[in-house]
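Protein chains in written order, with the working numbering: chain A, 1 to 291; chain B, 1 to 245.
Each hint should be verified, as a subset may be incorrect.
To be verified - The calculated lysine-lysine pairs, modelled on DSBU-like cross-linking and capped at a C-alpha distance of 35 Å, are:
#: 1; chain 1: B; residue 1: K65; chain 2: B; residue 2: K77
#: 2; chain 1: B; residue 1: K104; chain 2: B; residue 2: K207
#: 3; chain 1: B; residue 1: K207; chain 2: B; residue 2: K135
#: 4; chain 1: A; residue 1: K81; chain 2: B; residue 2: K104
#: 5; chain 1: B; residue 1: K65; chain 2: A; residue 2: K81
#: 6; chain 1: B; residue 1: K73; chain 2: A; residue 2: K81
#: 7; chain 1: B; residue 1: K104; chain 2: B; residue 2: K135
#: 8; chain 1: B; residue 1: K224; chain 2: B; residue 2: K73
#: 9; chain 1: B; residue 1: K77; chain 2: B; residue 2: K224
#: 10; chain 1: A; residue 1: K81; chain 2: B; residue 2: K77
Hints listed in this document are in silico derivations from the structure and should not be mistaken for laboratory results.
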Amino acid sequence: MEEVVRLGISAVLLAGLYSVMAYGLGLIYGVLRIVNLAHAGVIMAAAYVTWLLHSRLGIDPYLAIPVILVVFFIFGVLLYKGVVRFLPRGAAGGVQSLLLLFGIWLVMRNGAYLLFSGNDRAIRTEYSTHSISIFGTSVAQSRVVVFVIAVLTLAALHLFLTRTYTGKAIRAVAQNPDSGTIVGVNVERFYALTFGIGTSLGGLAGLLLATIFAFNPTSGAVELLKSFVVVVLGGLGSVVGIALGALVLAFAESYAILILPSYLTAAVSFVLLVVVLVLRPGGLFGQRVLA
Amino acid sequence: MVNSGTQGPPVLDIEDIEVFYGDAQALFGLSLNVQRGEVVTLVGSNGAGKTTTLRATAGLQRPTKGDIRFEGKSLMKIRPHERVELGITLVPEGRELWPQMNVKENLELGAFCGRARGHVAESLDRVFSLFPHLKDRCNQMAGSLSGGEQQMCAIGRALMSRPRLIMFDEPSLGLAPILVSQVFDTIHRLHSEEGLTVLLVEQNLTKALEIADRGYVIETGMIKTEGTSRQLLDDASIRSAYLGI
Ligand SMILES: Nc1ncnc2c1ncn2[C@@H]1O[C@H](COP(=O)(O)OP(=O)(O)OP(=O)(O)O)[C@@H](O)[C@H]1O
Ligand SMILES: [Mg+2]
Chain A
1 MEEVVRLGIS AVLLAGLYSV MAYGLGLIYG VLRIVNLAHA GVIMAAAYVT
51 WLLHSRLGID PYLAIPVILV VFFIFGVLLY KGVVRFLPRG AAGGVQSLLL
101 LFGIWLVMRN GAYLLFSGND RAIRTEYSTH SISIFGTSVA QSRVVVFVIA
151 VLTLAALHLF LTRTYTGKAI RAVAQNPDSG TIVGVNVERF YALTFGIGTS
201 LGGLAGLLLA TIFAFNPTSG AVELLKSFVV VVLGGLGSVV GIALGALVLA
251 FAESYAILIL PSYLTAAVSF VLLVVVLVLR PGGLFGQRVL A
Chain B
1 MVNSGTQGPP VLDIEDIEVF YGDAQALFGL SLNVQRGEVV TLVGSNGAGK
51 TTTLRATAGL QRPTKGDIRF EGKSLMKIRP HERVELGITL VPEGRELWPQ
101 MNVKENLELG AFCGRARGHV AESLDRVFSL FPHLKDRCNQ MAGSLSGGEQ
151 QMCAIGRALM SRPRLIMFDE PSLGLAPILV SQVFDTIHRL HSEEGLTVLL
201 VEQNLTKALE IADRGYVIET GMIKTEGTSR QLLDDASIRS AYLGI
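Isolated chain B (complex conformation) (with noise of 0.2 Å):
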């Protein structure tokens, strides 16, 4: 779990952001970074703004000030479309996969960027050798398919695009005990297997402080606290609020 961690640029380094729905302030100057090779958990309660990090950082929202970096290139003046060809991309809070479409239409169209489109292929290979159950229901349309499925699906469309930085938000939401360790065994896995860098958004600390190297803990927007996954287990007030113990 001990990461060299911190030669050159964070891979993702957001610095006092805030963003805005209408007159309503999500975001507070949120800062937290990533690097290299890291998982770091960003865990909160409802309404924190643990989704609205994300979509900022995937070009869904625009943050009013602040700045958010991926590899020291400043992503303000990226248009939003053109974050995934940089390497970044996201698993949505309730997988938004395109219903209408079958399963093998989602995961190819995951690499319609530039960089993955040629690798096709190859992407669906390493999707199926990753989640061979998807592979049978190539051709069933998404919006059929139960709760576990469509989390792999959207995890696979999200790694057919070859991300350097990948981003889940609650990924265990709804889903049953058993897929839910399965679902971290497949980050745990993207991480340690193919070295990719992870932020994970999630309600289920204990989780997601097993797989993490780091957490930062965020409230009404801001972050509250942050630390190693060992620092944030034993914090008292931590361990009380969101674990319950």
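If we strip away everything but chain A, and leave its shape as in the complex, we get (with noise of 0.2 Å):
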């Protein structure tokens, strides 16, 4: 019993984390209808710039989260009006796309391994080892920052699209760019907003993930696949579903060490996957467009 509660929470703490990463390459798919396979390599990065901020200058990790967000944010624009722009999109561009920001990726990965070897890396911090007690469990203290910070940039961000103009530009041009166009909205620019965006929440997906994980150039591989099951359990009807995607991830994985020999809990998400995709194309939670 004890064990189902430790698990159930860190279950929770980690479906925080999911919930942005998820969210980075979800806003990017729901407006610009494109797989960003390149989300992968910004997480391995800002896990990299994180780690560089704290060994060599000295910078706290959480101290670090405007730095990460501005550098990826102006990564993501550069990505977008440099390269990106000039893919086709959709279903009749998709197969270009993916091959393109898959390369960018792996030119990412392959420059991580010539600057930093293909050694795991890990921020300790004085505060790493500090754990806290929830409901008599004791939880490692940087898994409950990682959590409380990734409901507040959630929230943010609902906050953002439901109640600005900006926002709602956002998402007028994710459901039909057309109309957009006509009412004033300079297409084009908010396709480079939300692609720095996107890449933002990425960067500090990776800045998280390097508080609470050791990483190497090949870290975010497994960080994009669950993004993308995220977003298909989730949909993109809100961040609503995509936090309640987040959930079923992490518990699905928490759970499966229970009943399942430690080698296969890996495949859990895959499973999760194919198994939604099969059942119910649609998401579990709602709609495929950016409401």
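With the hints in hand, could you dock these two chains into one complex?
Written as structure tokens, this is what we have:
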């Protein structure tokens, strides 16, 4: 029983992180109809940047959040303006954009090998080993902090998309770009903005990951797959859908440990993906439109 | 129905435009104009190029040849999203609302351009006084509105930009007869009470000519006939081709 509670708490905490990385991928897909495979590279790169800032300059990872957000926002905008803009969109152009963004990921990964070698890195702060008690279970403090930051980020994003003119315009462009043009939205600018925000969320996810897990140049691949699973589960309908998708994945993974041999738990997200795609291709929780 | 018309340049002056979709040509040197305060209708059969003409004016399709001028100024160098700033708007074929946003959000975004943004509250009042029914639907998703409600919402959205020229693309398409009359009434009121200049694409020629000052008949991407509503109604070939009489 105690084990069940412990796994449940860790699942909820993990779901926060999953939501952030999935929303980065989902936002870009929802607006541009592009599956951004470079998301994996962004997550990995942000982990290294956070690590560098901490080990070289002594900047605390949580204080590095604004830096990471800005740096990866700019990176995303440049990636859009320099490359993605020229790619065909949607079903027709799917393969080309997949290949190209996959290529960008490979370049980033190999760059990381060159710069940092393939060794595992981890960020250790003086509070890395602190833990706190939730419902009588001891939980690593950093996991709780990551969860809180994730929830705050999603709440901010939700308010941005539903309350501000700019956020509403992003949703409008996702739902019908030509109507956006008619009312005066510079659709290309909003594509760049969206790519920037999605990339910046990937960056934040990389930072948060680096504060709780070790990483190396191949990191990001598994996260990309999980982000994809969460988006498929939760749909693009809302932040809430994404959060629910993340919870389902995190719980499935956590409790799989109880019933599956450990070498199979890694396959849980795959299995979940296949099952959902077969049974409910529209996602568990609603629409495939950014609402 | 008589208009003073000819002072100053036409509000809209389309001159000899050609538009392609890939290799397929849709417009072959089409010209038409709309004077200030006029209602002009553009009629023609399916695939004639009516939507393409409106989309080219709104900036959603780029002519490879010719010129489109708004109040004497060429639109060819003006980017698509900037045209609404000049006072051009389009109520597109099939409404093209944002289905997963509610009516209020759809309307508010209609005032996205800088010129209209400061007048949202005022414009909303105006739209709701024109379509009181929309007010009750404020929080409903546009995608779940009935066809008639969607059309009102689409017209409302266009009005939110405080246009000087409003283009309608088959606004009566798919509506019940009573709603068709309502839509034409609305267009007529916008013109007569608010002095809006209107370019109206319609398949319902009788109704369109009832409220229009002039009309153009388009066939395979070219203007075939033009004239006042009276002239077109009296034209035997048009009567047989488009009115079935
Ligand atoms: N997206 C497109 N791609 C290729 N060809 C197109 C496209 N849109 C329109 N066309 C072609 O251009 C021509 C003009 O089409 P347009 O939509 O302007 O006609 P329309 O007069 O509005 O017809 P309708 O009354 O059916 O709405 C048609 O031959 C049509 O097949
Ligand atoms: Mg048409």
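To see whether the hints hold, each was checked on the structure:
1. Restraint check for B:K65 and B:K77: satisfied, since their Cα atoms lie roughly 13 Å apart, inside the 35 Å limit.
2. As the CA atoms of B:K104 and B:K207 are separated by approximately 30 Å, the hinted pair is consistent with the 35 Å bound.
3. For the proposed pair B:K207 and B:K135, the alpha carbon gap of about 28 Å is at most 35 Å, so the pair holds.
4. A hinted pair counts as satisfied when its Cα atoms are at most 35 Å apart, and A:K81 with B:K104 qualifies at roughly 33 Å.
5. Straight-line distance between C-alpha atoms of B:K65 and A:K81 comes to about 29 Å, which keeps the hinted pair within the 35 Å bound.
6. Between B:K73 and A:K81, the direct Cα distance comes to roughly 31 Å. Compliance with the 35 Å bound is thereby established for this hinted pair.
7. In summary, the hint linking B:K104 to B:K135 is supported, as the alpha carbons are separated by about 8 Å, within the 35 Å threshold.
8. Between B:K224 and B:K73 the alpha-carbon distance is near 26 Å, which keeps this suggested pair within the 35 Å criterion.
9. A hinted pair counts as satisfied when its Cα atoms are at most 35 Å apart, and B:K77 with B:K224 qualifies at roughly 29 Å.
10. Taking the CA atoms of A:K81 and B:K77, the gap is about 22 Å. The hint holds against a cut of 35 Å.
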